[in-house]
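Chemist: All chains, please: the whole structure from these sequences, using the hints.
Which chain is which? The protein sequence lines are A and B, in order.
Start counting the first sequence at 26; every next residue gets the next number (this note's numbering).
Start counting the second sequence at 80; every next residue gets the next number (this note's numbering).
Everything labelled a hint here was simulated from the structure, so no lab data went into it.
Quick caveat, the model's predicted, so the values are computed rather than measured.
Beta carbons: idealized from backbone N, C-alpha and C, even for Gly.
One thing to keep in mind: the hints can contain errors.
[As the list claims (entries may be wrong)] No more than 20 angstroms apart at the CA atoms, straight line, and that leaves these computed lysine to aspartate or glutamate pairs for DMTMM-like:
| # | chain 1 | residue 1 | chain 2 | residue 2 |
| --- | --- | --- | --- | --- |
| 1 | A | 81 | B | 181 |
| 2 | B | 88 | A | 63 |
| 3 | A | 127 | B | 117 |
[To be verified] Chain A is faced by these chain B residues, among others (derived, beta-carbon under 7 angstroms):
| # | residue |
| --- | --- |
| 4 | 118 |
| 5 | 122 |
| 6 | 124 |
| 7 | 156 |
| 8 | 169 |
| 9 | 181 |
| 10 | 184 |
| 11 | 185 |
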Amino acid sequence: TQLLEQSPQFLSIQEGENLTVYCNSSSVFSSLQWYRQEPGEGPVLLVTVVTGGEVKKLKRLTFQFGDARKDSSLHITAAQPGDTGLYLCSGSEKLVFGKGTKLTVNP
Amino acid sequence: NAGVTQTPKFRVLKTGQSMTLLCAQDMNHEYMYWYRQDPGMGLRLIHYSVGEGTTAKGEVPDGYNVSRLKKQNFLLGLESAAPSQTSVYFCASSYSYRDTGELFFGEGSRLTVL
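Modeler: Rendered as structure tokens:
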């Protein structure tokens, strides 16, 4: 079974701070996706990373796929209250999801 | 622009009762999925379908049945509900399966089994 471990599980920060959350596995993935889920809604795709070492930017969010395609990170610069939500990573094979990082950005 | 629609959005059942959750997508996607989401457990795959008339088991299939009689619909059934099935259920669909296919989710169905 391919497992995805996300850390930290919870993160509470002040507006304007930077943060990094992680998604790690012992398995290799051909691609990895990050989703954000807000309360009462389904997850929404943020990005898909495919190539080892790949870096993708989405405004203040920077996603990196590890060289060995076993791990990924999400860095948020100058976090805003609108970034609050549950961040989930997902590996394409077996449609596996991590347990998520619940981020709270306080004004 | 409906996307993925789940009905009902809320339901309370007594132990032993049966019910069906309906998922409908209007994007002509081949692939559809049912997940459950519990606190601290993330999303776990119950069953999925790679096309009309086909279904397959996911990570946590016990106690659930599914059917995909029409391409746009994916039904999740509970024949005899148990308190352990209290959860939020999400349906999703995708155009592709094994590579970079994006999952489109519904808004969820919150089920409570007393």
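Chemist: All hints are to be evaluated individually against the structure, with a verdict given for each.
Modeler: A quick look at each hint next to the structure:
1. 81/A to 181/B: Roughly 16 angstroms separates the two Cα atoms, so the pair holds.
2. 88/B to 63/A: Cα-Cα ~16 angstroms, so holds.
3. 127/A to 117/B: Given pair residue 127/A, residue 117/B holds - Cα atoms ~13 angstroms apart, limit 20 angstroms.
4. 118: violated, 10 angstroms
5. 122: Check passed: Cβ of residue 122/B comes within 4 angstroms of chain A, closer than 7 angstroms.
6. 124: Since chain A brings a Cβ to about 5 angstroms from residue 124/B, closer than 7 angstroms, the hint holds.
7. 156: For residue 156/B, the interface hint is violated, since the closest Cβ of chain A sits about 20 angstroms away, which is over 7 angstroms.
8. 169: holds, 5 angstroms
9. 181: For residue 181/B, the interface hint holds, since the closest Cβ of chain A sits about 5 angstroms away, which is under 7 angstroms.
10. 184: The hint holds - residue 184/B has a Cβ within 7 angstroms of chain A, the shortest such distance being about 3 angstroms.
11. 185: holds, 5 angstroms
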